[in-house]
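Construct the complete structure from the given sequences, taking the supplied hints into account.
Number of protein chains: 2
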Amino acid sequence: MTKITKENITIDYVIRATWISIQKMYNEEASTFDSTMSGAFALLSVDPKKGTPSSSLGPKMGIAATSLSRVLNELEKSNLIKRTSSLEDKRSIIISLTKKGLKMRDISKEYVKDFHNTIEEEIPKEKLDTFYEVINKINEIIIEKRKKKK
Amino acid sequence: MTKITKENITIDYVIRATWISIQKMYNEEASTFDSTMSGAFALLSVDPKKGTPSSSLGPKMGIAATSLSRVLNELEKSNLIKRTSSLEDKRSIIISLTKKGLKMRDISKEYVKDFHNTIEEEIPKEKLDTFYEVINKINEIIIEKRKKKK
Numbered sequence: 346m347t348k349i350t351k352e353n354i355t356i357d358y359v360i361r362a363t364w365i366s367i368q369k370m371y372n373e374e375a376s377t378f379d380s381t382m383s384g385a386f387a388l389l390s391v392d393p394k395k396g397t398p399s400s401s402l403g404p405k406m407g408i409a410a411t412s413l414s415r416v417l418n419e420l421e422k423s424n425l426i427k428r429t430s431s432l433e434d435k436r437s438i439i440i441s442l443t444k445k446g447l448k449m450r451d452i453s454k455e456y457v458k459d460f461h462n463t464i465e466e467e468i469p470k471e472k473l474d475t476f477y478e479v480i481n482k483i484n485e486i487i488i489e490k491r492k493k494k495k
Numbered sequence: 346m347t348k349i350t351k352e353n354i355t356i357d358y359v360i361r362a363t364w365i366s367i368q369k370m371y372n373e374e375a376s377t378f379d380s381t382m383s384g385a386f387a388l389l390s391v392d393p394k395k396g397t398p399s400s401s402l403g404p405k406m407g408i409a410a411t412s413l414s415r416v417l418n419e420l421e422k423s424n425l426i427k428r429t430s431s432l433e434d435k436r437s438i439i440i441s442l443t444k445k446g447l448k449m450r451d452i453s454k455e456y457v458k459d460f461h462n463t464i465e466e467e468i469p470k471e472k473l474d475t476f477y478e479v480i481n482k483i484n485e486i487i488i489e490k491r492k493k494k495k
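Taken in sequence, the protein lines are chains R and Z.
With the numbering used here, the residue at position 26 of the first sequence is 371, and numbering never jumps.
With the numbering used here, the residue at position 33 of the second sequence is 378, and numbering never jumps.
One or more hints might be untrue.
One copy or any two copies: either way a pair holds, since identical chains are not told apart in the list.
With a Cα cut of at most 25 Å, we get these calculated BS3-like pairs of lysine-lysine [claimed, not checked]: (1) Lys369 with Lys395; (2) Lys495 with Lys454; (3) Lys427 with Lys448; (4) Lys482 with Lys472; (5) Lys448 with Lys494; (6) Lys369 with Lys493; (7) Lys458 with Lys495; (8) Lys448 with Lys458.
Keep in mind the hints are simulated off the structure, nothing from the lab.
If you want it as structure tokens, here you go:
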């Protein structure tokens with residue numbers, strides 16, 4: 346990627362390009378385990394002890410129902426999750442992790458942590474603090490813009 | 346969104362969540378024109394004067410050929426772009442903007458600029474500089490990690 350400066354690029358582009366790079370990195374790592382970033386993200390979004398209703402997974406992950414269902418089918422085929430009906434509400438499906446799924450969840454978690462730690466080691470704390478401050482402010486600006494729209 | 350701090354969240358999550366928020370904002374705005382963010386992004390990626398070969402649009406936008414073709418079909422149906430064969434190479438398809446497409450491109454460009462300007466107005470310059478510095482460093486770390494992988 347070309348060096349990012351305020352002069353050659355808009356801020357939305359920078360955030361998008363960075364997210365795409367992170368996705369590529371995660372997908373490359375996940376492919377070692379015949380998995381994908383979305384698969385790993387789903388495993389991380391399921392409560393490892395109690396499981397999670399499938400209806401709340403999509404909103405939690407911020408993806409559409411059709412995409413979620415594709416990801417869950419893949420995970421079920423690989424024997425990483427299982428679907429069971431809720432005891433309280435037969436219509437509700439609970440996603441829970443298999444033993445293999447729990448193991449993959451731990452591996453994914455380690456990798457995410459490792460990336461996060463590398464960043465914390467290589468970037469001075471006060472600069473990271475400013476980064477978080479700026480990104481919070483950007484999110485506030487977005488909320489304001491979307492409110493005005495309505 | 347919950348306030349982002351270094352304590353409650355990893356950096357990949359923050360970047361993803363922010364990108365999703367930007368997408369939502371852009372899609373809401375685009376829907377006013379019966380369009381989508383991807384449609385607007387494609388219009389912005391086409392050279393307004395000479396047009397752009399469809400084969401280079403996907404890489405430029407960072408999306409897969411199938412997604413690109415869906416977006417281009419929508420834009421063609423809305424009479425925003427046209428497809429013509431290249432004069433030099435009959436197999437190559439050139440995407441160019443119609444008059445209506447040029448107008449929509451300008452509107453999209455204005456909206457992106459407006460968002461960028463709001464950020465530059467509301468966030469002090471030195472903080473934004475640090476933000477760009479940190480995000481460059483994050484991209485460097487990703488490149489390093491992906492290199493090691495290979």
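Structure-based check of each hint:
1. Lys369 with Lys395: neither (31 Å within a copy, 31 Å between copies)
2. Lys495 with Lys454: between (38 Å within a copy, 21 Å between copies)
3. Lys427 with Lys448: within (14 Å within a copy, 51 Å between copies)
4. Lys482 with Lys472: both (15 Å within a copy, 11 Å between copies)
5. Lys448 with Lys494: Between. Shortest inter-copy distance 21 Å satisfies the 25 Å Cα cut-off; intra-copy 45 Å does not.
6. Lys369 with Lys493: between (35 Å within a copy, 14 Å between copies)
7. Lys458 with Lys495: between (38 Å within a copy, 21 Å between copies)
8. Lys448 with Lys458: within (15 Å within a copy, 46 Å between copies)
In this structure, the one hint that does not hold is number 1.
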